[in-house]
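Novice: So the chains spell out like this:
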Amino acid sequence: GQQLNQSPQSMFIQEGEDVSMNCTSSSIFNTWLWYKQDPGEGPVLLIALYKAGELTSNGRLTAQFGITRKDSFLNISASIPSDVGIYFCAGRRNTDKLIFGTGTRLQVFP
Amino acid sequence: DSGVTQTPKHLITATGQRVTLRCSPRSGDLSVYWYQQSLDQGLQFLIQYYNGEERAKGNILERFSAQQFPDLHSELNLSSLELGDSALYFCASSVDGSVYNEQFFGPGTRLTVL
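Chains as they are written, first to last, in our numbering: chain A, 1 to 110; chain B, 111 to 224.
Check each hint, because a few of them may be wrong.
Listed next, with one range per pair, are the computed distances between beta-carbon atoms [what the hints assert, rightly or not]:
| # | chain 1 | residue 1 | chain 2 | residue 2 | range |
| --- | --- | --- | --- | --- | --- |
| 1 | A | G59 | B | L224 | 23 to 31 angstroms |
| 2 | B | Q127 | A | N30 | 17 to 25 angstroms |
| 3 | A | Q9 | B | L171 | 36 to 44 angstroms |
| 4 | B | A124 | A | D18 | 34 to 42 angstroms |
| 5 | A | R60 | B | L224 | 37 to 45 angstroms |
| 6 | B | E164 | A | N30 | 20 to 28 angstroms |
| 7 | A | D18 | B | L149 | 42 to 50 angstroms |
Below, in silico cross-link-like pairs of lysine to aspartate or glutamate (EDC-like), each with a Cα-Cα straight-line distance of 16 angstroms or less [as the list claims (entries may be wrong)]:
| # | chain 1 | residue 1 | chain 2 | residue 2 |
| --- | --- | --- | --- | --- |
| 8 | A | K97 | B | D111 |
| 9 | A | K97 | A | D83 |
| 10 | A | K70 | B | D206 |
| 11 | B | K119 | B | E185 |
| 12 | A | K36 | B | E172 |
| 13 | A | K36 | B | D206 |
| 14 | A | K51 | A | D83 |
| 15 | A | K70 | A | E54 |
| 16 | A | K36 | B | E212 |
| 17 | B | K167 | B | D181 |
| 18 | B | K119 | A | D71 |
Here are some of the chain A residues that sit facing chain B, going by a computed Cβ distance under 10 angstroms [what the hints assert, rightly or not]:
| # | residue |
| --- | --- |
| 19 | I28 |
| 20 | T31 |
| 21 | G40 |
| 22 | G42 |
| 23 | P43 |
| 24 | Y50 |
| 25 | E54 |
| 26 | L55 |
| 27 | I67 |
Derived from the structure by calculation, the hints contain no laboratory data. Think of the CB as a built atom: it goes at the ideal place given N, C-alpha and C, for glycine as much as any other residue.
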């Protein structure tokens, strides 16, 4: 099935550091979403983006909808241990169907 | 807690068998989606129902089928199971699937086929 390209695949950082990850596609999306998945749990919606260039924050998380509409970025500032998990981007065109990224696995060390 | 419930949490069965996974959407949500997540993979969209009717189909095998009942709960039926069907199966729901009404995911059912 189709998936979006996410990078990096995994990150190992120290508590307090900032984190950046991105998601790219060869085609245009009208909506970009970022989800976090904890082990054994379902994905939880973090941020939703609906307009090209839009920059939205949710606490220490900030995400941007790329102006080309083919990419999106997620930044986490001052990471803490509970940020550990897998972060997925997801894109949507004109239908309900979401296409998910390959995921970025984040590990935070104290 | 997203408000989406899924049962069972875990399911272990043998090849060739048939299983049914159940999902109850959030109160007020009319749209239900099913996803498959294999090991180290992202989520693959399988199928969507809206108010009892199939609305969109993704990478769903012919051995798999789903339905949404009048009370809006949904069931995913997996038959003639193969080892490769072992995965996490997630259900998500949204109000009506339109823009600004995003999907909220249940805790998933982990299916193991031996």
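Novice: Now, for every hint given, state plainly whether the structure supports it.
Specialist: Cross-check of the supplied hints:
1. A/G59 to B/L224: 23 to 31 angstroms: At 43 angstroms between Cβs, range violated.
2. B/Q127 to A/N30: 17 to 25 angstroms: Violated: the Cβ-Cβ distance is about 41 angstroms, outside 17 to 25 angstroms.
3. A/Q9 to B/L171: 36 to 44 angstroms: violated (27 angstroms)
4. B/A124 to A/D18: 34 to 42 angstroms: violated (48 angstroms)
5. A/R60 to B/L224: 37 to 45 angstroms: Holds, since A/R60 and B/L224 (Cβ atoms, about 43 angstroms apart) stay within the stated range.
6. B/E164 to A/N30: 20 to 28 angstroms: holds (23 angstroms)
7. A/D18 to B/L149: 42 to 50 angstroms: violated (30 angstroms)
8. A/K97 to B/D111: Distance ~23 angstroms between A/K97 and B/D111 Cα, so the pair is violated.
9. A/K97 to A/D83: Violated. A/K97 to A/D83 sits at ~27 angstroms, over the 16 angstroms cutoff.
10. A/K70 to B/D206: violated (25 angstroms)
11. B/K119 to B/E185: holds (14 angstroms)
12. A/K36 to B/E172: Judged against 16 angstroms, a Cα distance of about 30 angstroms means the pair is violated.
13. A/K36 to B/D206: The given pair, whose Cα atoms are some 23 angstroms apart, is violated under the 16 angstroms limit.
14. A/K51 to A/D83: violated (26 angstroms)
15. A/K70 to A/E54: holds (13 angstroms)
16. A/K36 to B/E212: The given pair, whose Cα atoms are some 14 angstroms apart, holds under the 16 angstroms limit.
17. B/K167 to B/D181: Violated, at roughly 21 angstroms.
18. B/K119 to A/D71: violated (34 angstroms)
19. I28: violated (15 angstroms)
20. T31: Since the shortest Cβ distance to chain B is 6 angstroms, the answer is holds.
21. G40: A/G40 check passes; min Cβ-Cβ to chain B is 8 angstroms, inside 10 angstroms.
22. G42: holds (3 angstroms)
23. P43: OK, holds: A/P43 within 10 angstroms of chain B, min 5 angstroms.
24. Y50: Since chain B brings a Cβ to about 7 angstroms from A/Y50, closer than 10 angstroms, the hint holds.
25. E54: This interface hint is violated because 13 angstroms lies over the 10 angstroms limit.
26. L55: Nearest chain B Cβ about 18 angstroms off; hint violated.
27. I67: violated (19 angstroms)
The earlier numbered hints that this structure contradicts are 1, 2, 3, 4, 7, 8, 9, 10, 12, 13, 14, 17, 18, 19, 25, 26, 27.
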